[in-house]
Structures are given as C-alpha cells and as structure tokens.
Amino acid sequence: MHNAQYFDGRSARLFPVALSCADGQLHIEGSGISWHGRLDQVRLAEPFLQAPAIVYLPNGGRCEVGDGATRAALTDAIGQRPSLVMRWQRHWYAALAALLLLLAVGAAIWSYGVPAAAEAIAARIPASMDQSLGQSALKQLDARVFQPSTLTAPQVAALQAMFASVAPAQPLQQLRLLTRSAPSLGPNALALPDGTVILTDQMVAMVLGKRDGTFDDDDRAALTGVLAHEIGHVQRRHSVRVLARSSLTAAASAALLGDFSAVAAGVPALLANLHYSRAMETEADQYALEALRSRRMATIPLANLLDGLDQMNDKNMPDWMKQVLPYASSHPGTTERGARLRQAPAR
Numbered sequence: 002m003h004n005a006q007y008f009d010g011r012s013a014r015l016f017p018v019a020l021s022c023a024d025g026q027l028h029i030e031g032s033g034i035s036w037h038g039r040l041d042q043v044r045l046a047e048p049f050l051q052a053p054a055i056v057y058l059p060n061g062g063r064c065e066v067g068d069g070a071t072r073a074a075l076t077d078a079i080g081q082r083p084s085l086v087m088r089w090q091r092h093w094y095a096a097l098a099a100l101l102l103l104l105a106v107g108a109a110i111w112s113y114g115v116p117a118a119a120e121a122i123a124a125r126i127p128a129s130m131d132q133s134l135g136q137s138a139l140k141q142l143d144a145r146v147f148q149p150s151t152l153t154a155p156q157v158a159a160l161q162a163m164f165a166s167v168a169p170a171q172p173l174q175q176l177r178l179l180t181r182s183a184p185s186l187g188p189n190a191l192a193l194p195d196g197t198v199i200l201t202d203q204m205v206a207m208v209l210g211k212r213d214g215t216f217d218d219d220d221r222a223a224l225t226g227v228l229a230h231e232i233g234h235v236q237r238r239h240s241v242r243v244l245a246r247s248s249l250t251a252a253a254s255a256a257l258l259g260d261f262s263a264v265a266a267g268v269p270a271l272l273a274n275l276h277y278s279r280a281m282e283t284e285a286d287q288y289a290l291e292a293l294r295s296r297r298m299a300t301i302p303l304a305n306l307l308d309g310l311d312q313m314n315d316k317n318m319p320d321w322m323k324q325v326l327p328y329a330s331s332h333p334g335t336t337e338r339g340a341r342l343r344q345a346p347a348r
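Numbers given in my numbering equal positions in the sequence shown, counted from 1, plus 1.
You may find that some hints are simply not true.
[Said to hold, decoys possible] Pairwise CB distance ranges, derived in the manner of DEER restraints: (1) L209 with S133: 33 to 39 angstroms; (2) G114 with D308: 44 to 50 angstroms; (3) V106 with L85: 17 to 23 angstroms; (4) G114 with S21: 49 to 55 angstroms; (5) A23 with A95: 34 to 40 angstroms.
Bear in mind the hints are in silico, worked out from the structure with no lab data behind them. Backbone N, C-alpha and C fix where the C-beta goes; we use that ideal spot for every residue, glycine too.
Please model the entire structure based on the sequences and the hints provided.
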C-alpha cells in the first residue's frame with residue numbers, strides 16, 4: 002500500500018487515499034473513495050525530478066504520488082516505457098545535438114524563409130496602401146518633427162528641377178518633392194511610400210556651406226544624387242517591403258518568445274531587419290549611381306557629401322560606438338558607400 006492524493010476531476014478537493022497494484026489491477030481506497038481498474042487503462046505522466054508522479058484515471062480523476070520509491074514501483078507496475086524525448090533528455094550529448102539542430106533550422110527560417118514570405122506578402126499589398134501609409138506618415142512628421150522650410154523660392158525651384166531630372170518617366174507612385182526644416186533630424190532626406198520625397202533645409206545648408214545660396218555644378222550633383230537615392234526607395238517599394246518584413250519578424254519573435262518580454266520579442270525583429278535594410282540602401286545607392294551616370298553627372302560630390310555626414314556624426318560619438326555602428330546601422334557604412342561612388346566609371 003502506498004499513500005497518494007486523489008482528485009476526482011470535478012472539484013479542487015484533495016482526498017488522501019491508499020494506492021496498491023496487484024494482479025494487473027490498480028486499487029485506490031480512501032474515505033468515500035473506492036476505485037479499481039486495469040493498469041493498462043491508466044496513464045502515467047512524464048516524470049520530473051522532485052515533482053509528484055501523476056496517474057491519470059479513465060474516469061477523469063487523477064492520483065499524485067510524491068514518494069520516489071512509490072513512483073518507481075508504480076512505473077514498473079504500469080510498464081510504461083520512457084518516450085524517445087525522455088530518453089534523449091538523460092544524455093547531454095543528445096540534448097546538445099537537438100539544440101544545435103533547432104538553432105540551425107531557426108537560422109535558416111530567419112535568413113531565408115521570413116524574407117521570402119515577406120516579399121510574397123509585400124507583392125500582394127495594393128498600391129492604395131502605399132498612399133494611405135505615406136499620407137499618415139507625413140501628417141505625423143509635420144505635427145511632431147518638421148517645421149516650415151526657410152529656403153528661398155529660387156532654391157526650391159532649382160531643387161524641383163533636379164528632382165524632375167532624375168524622376169522616371171513611369172514612376173511606381175506619383176512623385177513629389179517637399180522641403181522642410183528639421184533641426185532634430187539635421188541634414189537628411191527620406192522617401193514615403195506614396196512617392197513623397199522630403200529634403201531638409203539642413204541638408205541643403207550643408208551642401209551650400211557658407212556661400213551665397215546658389216547651387217554650382219558640384220552642389221547639383223550631390224543633391225541630385227540624394228534625391229535619386231530617395232526615388233530609388235520609392236521605385237523599389239522599400240517602405241512596404243520593410244513593413245511586411247518587420248511585421249512578420251515581430252510576429253515570429255512573439256510566437257517564439259511568448260510572454261517572456263515584449264522588449265525581448267522586439268529585439269530579434271530589429272536585428273533581423275538590419276541586413277535587409279542595408280541591402281535596400283545599397284539598391285537605392287545603385288539607383289542613384291545609375292541616374293547620375295546616365296545624366297553625365299559626377300559621382301564624387303555625392304561621395305564627399307556622405308563623408309561630410311560621416312564626420313558630423315563622429316564628432317560626439319565614443320570610439321567603441323564608431324566600431325559598432327557599421328554593423329548596427331540600417332545604412333551601409335558611409336566609407337563603403339563613398340568608395341563605391343568614387344570607383345564608378347565616369348561617362
């Protein structure tokens with residue numbers, strides 16, 4: 002006879018019982034409790050170290066046995082053989098092999114499966130979604146980040162001419178150029194999904210330097226390259242592709258990590274998108290390079306502009322961050338981008 006605790010499966014009440022096995026039968030006796038059944042009708046749950054053994058009964062009830070000797074005797078009486086997974090868990094090398102296999106499969110899905118699925122999803126998102134996303138983003142940016150532009154009318158007209166010169170004949174979205182002041186962003190340019198390209202006053206000021214405000218040939222080449230780069234983002238539909246990828250990786254991260262931490266679930270999604278964004282930036286750089294070359298414009302001014310941006314960002318940056326940033330940035334390193342532009346054969 003062995004002491005056990007019985008639950009009838011209908012209430013949370015615990016019944017102390019005596020459990021015994023004889024002639025292929027399991028007997029449970031206690032105050033108001035009397036159950037008898039064949040051993041092949043019961044099921045023993047997977048055992049855990051220092052945890053009670055749980056015997057599931059066909060009537061919906063269960064018994065919990067805490068004594069180690071009783072658990073061993075019950076296992077022998079039932080004749081339940083440990084599962085393959087349970088046997089693997091007893092050998093560290095099998096557990097290590099399973100872990101390595103899991104990591105390899107996960108890495109393959111993350112590197113190849115998720116991007117392929119994201120591209121398939123992005124291809125099915127209608128163009129009307131691009132318009133909605135772009136309009137919403139511009140509204141938020143104007144409310145929180147941007148200020149009215151202070152550029153002169155001739156400067157804006159010159160920028161519009163540069164923009165029109167690199168706009169494709171049949172754009173994916175109706176393209177338009179806006180200028181805004183953005184002290185918090187500094188020298189910058191960005192493309193929205195609906196075809197809106199925004200150039201900051203700070204970027205124009207950096208290109209012009211301390212001169213009188215008119216654009217020379219090098220200024221035009223640098224700014225035309227910047228605008229072509231942003232048009233490349235629109236033409237390749239990078240915003241929607243990033244959105245699909247980010248949503249998919251975030252969902253996969255949350256499914257993998259569960260409720261462990263919302264922050265932890267977001268980190269893999271961010272890291273997974275870094276390489277993808279770098280590839281997109283390289284595509285946009287190539288688009289700008291081809292646009293400049295086809296118009297017989299120099300690529301060196303754009304390379305010099307990238308170098309200037311790099312130097313500006315380096316002023317107040319710790320040395321350790323300078324080493325890490327090329328790997329943690331969504332843009333390829335400016336040194337790498339500048340080198341590509343300088344090596345481009347001139348037309």
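Results for each hint:
no. : hint                               : in the structure
1   : L209 with S133: 33 to 39 angstroms : 36 angstroms, holds
2   : G114 with D308: 44 to 50 angstroms : 38 angstroms, violated
3   : V106 with L85: 17 to 23 angstroms  : 18 angstroms, holds
4   : G114 with S21: 49 to 55 angstroms  : 54 angstroms, holds
5   : A23 with A95: 34 to 40 angstroms   : 37 angstroms, holds
Checked against the numbered hints given earlier, the structure breaks only hint 2 and satisfies all the rest.
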